[in-house]
Amino acid sequence: MSNDDTKKPTGDAQPPPKGAPTDTPAAKIGPEPSNPPAGAKLDTPPAAASSVTAPPKAAAPPGPPPKPAPKNPGFVTCTIDGKEVVVKPGTNMIEAAKSVGSEIPYYCYHPRLSIAANCRICLIEASNAPKMVPACQSPLAEGIVVKTTTPKVKEQQRAVMEFLLLNHPVDCSICDQAGECKLQDYYMKYDYRPSRLEGGKALKNKRKVLGPRVVLDQERCIMCTRCVRVMNEVAKEPQLGVFGRGSHERIDVFPGNELDSDYSLNTVDVCPVGALLSRDFRFKARAWFLSATPSICTGCAKGCNTYADWMSQDTYRIRPRENEEINKSWMCDQGRLMYKSFNLGRVLQARIGRATVQAASEVVPVVTRKEAAQAAAKALKPLVGSGKLAVLASPVSSNEELLAGLTFAKATLGISTVYVGGRPAGKADHFLKTADKNPNRKGLEWIAKGLGLKVETFEALTTALDKGQVKALYAIGTEVPGDVESFAKAASKLDVFVVQEKNESPVTAQATVLLPASIHVEDEGSFTQMDGITQRFRKAYPPKGDVIPGWKWVAELTREVGGEAPAWTSARDVWRELSGKVTEFAEFNWDKASPPDREKPGINPLPTGADGRPPGYREFGSPRVRGI
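Start counting the sequence shown at 5; every next residue gets the next number (the numbering used here).
Hints listed in this document are in silico derivations from the structure and should not be mistaken for laboratory results. In this text the structure is predicted, and so the values were computed from the model without any measurement. Worth double-checking, as some hints may not be accurate.
Derived CB-CB ranges, DEER-like [claimed, not checked]:
hint: 1; residue 1: Val104; residue 2: Glu328; range: 15 to 25 Å
hint: 2; residue 1: Pro386; residue 2: Leu341; range: 40 to 50 Å
hint: 3; residue 1: Thr372; residue 2: Lys210; range: 51 to 61 Å
hint: 4; residue 1: His434; residue 2: Leu352; range: 32 to 42 Å
hint: 5; residue 1: Glu591; residue 2: Ser251; range: 55 to 65 Å
hint: 6; residue 1: Lys210; residue 2: Ala590; range: 49 to 59 Å
Beta carbons: idealized from backbone N, C-alpha and C, even for Gly.
Go ahead and model the full structure; you've got the sequences and the hints to work with.
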């Protein structure tokens, strides 16, 4: 059979029977074309001349509607609870809702951590989704409508709260998180109904010691996994994990290990309930009795922003305060525990004469501030301009103390060289800790340079003491980078040793005149951290005992020596009068650099909020990042 016999005709034409001539009408398909004359041009190709036309193409199925053109190019514009919102692409619904005053509750979400979306209390209704979606995980799209207050959303929030509280122990009365607990806050706002649970709750370990600084109550944990993500993503030390399944799921350390990272207490900050607790702060104070004051960490040269939580005239804990340039929302454990030196071992009274071992029945004589200033001036005045008097300055002191003290040293005492003390160097790490453990070394260097003072090392001072070149010393802080006992022994040979200091030490015991100076939470001022960023700190509570700021001691000494007494009434006056001599301070505005949650000068006892922040800065306003 030929190939032509296998071809099937198209249309209604039937194939001719076998043996039939191919020129019969039945075998013809369409009219027989006429032969055009030679050389003539065809207007249409032969195929187009056929009377059989191709069937019309089927219409394409309808696709998704085209995306609406952005109302604000470069931004996403949508509607949340009837209010128009314009945000950057990629912004999630929780952050966008805050900008228009709508609150979407959350537990597992943290702005600086990866998204887990496992607590499910942030489910809301969106016009581009048939079901409710987690607001923490869902970026906004152009033109969508988001609703956060519908009955469906409210019922979901209530159901999640009931589920989270199903096995949660009712021990708020003894929980350190009481007053700062999101379970308490959200229960009162979104649930407020009695439990429907019949039978006992699932029991877990209530005092699981994870490490030297953190203890875990597994019954209180709601499995938000914030702590796991902090250790994995921030500290880069994955020491926590999720173990078990269902009602027996729990947070724990890996077998044979412990939570010993120097960033372990950040897990306590991010825990929204009372599951992770600081072993140092546990059972020390109720959150609602504490006041929070914005401050700066003095543990190293990084200058992390902090809150000092205090009551009466004692600091109870240090917490991180957000600063995008420096510490984000985090802080090392070493810096947190610096608060103990604020309360213990303080120099609280002025003293004349070196300390001696006294009998228990012997009463230590009380010396007034004026008497101490007069004794110091009397000892220093004969040495003005001589080469036997030296000045030791500590980079733990604030800019205001150093401006006043070094100006006094140069203008009144005739000093041209300043010896730099400070804490000894330590270990740095990959994140926040620096090897330099002094908060204001950069500020000290700038001030000495601006005042035209030559800077010498501490080793140069010890050499001068050994050679007998220095017979008198005026110290603005007694932190030393070398062996403390050795320096104290050398200082005992000095004829005059006038010391402004905050804490007792073997060095202060050798002071001929000891002047008690305030710590940074007892006065206002500033530090300049390692990168040259000058930052303000605020006064939390009045100084204890006879303590006054270092700049005020300088004013009294200047008056007693016979110089022109400055009319300073605050650290601000010191800055305004003396900072102009330091070129690097020219762009720093002391007033505008004030932390934003400070409303007026003086003592401002702000109670902490439920998430550890002062009221009014918990869910909106500055600072931006929430959740610590």
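Does 40 to 50 Å hold as the CB distance between Pro386 and Leu341, or does it fail?
-> holds, 44 Å
Per the hint of 32 to 42 Å, is the separation of the Cβ atoms of His434 and Leu352 within bounds?
-> Check passed, 40 Å falls within 32 to 42 Å.
Indicate whether the distance between the beta carbons of Lys210 and Ala590 respects the range 49 to 59 Å.
-> Because 57 Å falls inside the window, the suggested range holds.
Pairwise beta carbon distance, Glu591 to Ser251, judged against the given window 55 to 65 Å = Hint holds: Cβ distance 58 Å, inside 55 to 65 Å.
Taking 51 to 61 Å as the hint, is the beta-carbon distance of Thr372 and Lys210 inside that range?
-> holds, 53 Å
Distance restraint hint 15 to 25 Å, applied to the beta-carbon atoms of Val104 and Glu328 = With a Cβ separation near 23 Å, Val104 and Glu328 satisfy 15 to 25 Å, so the hint holds.
No hint from the list above goes unmet by this structure.
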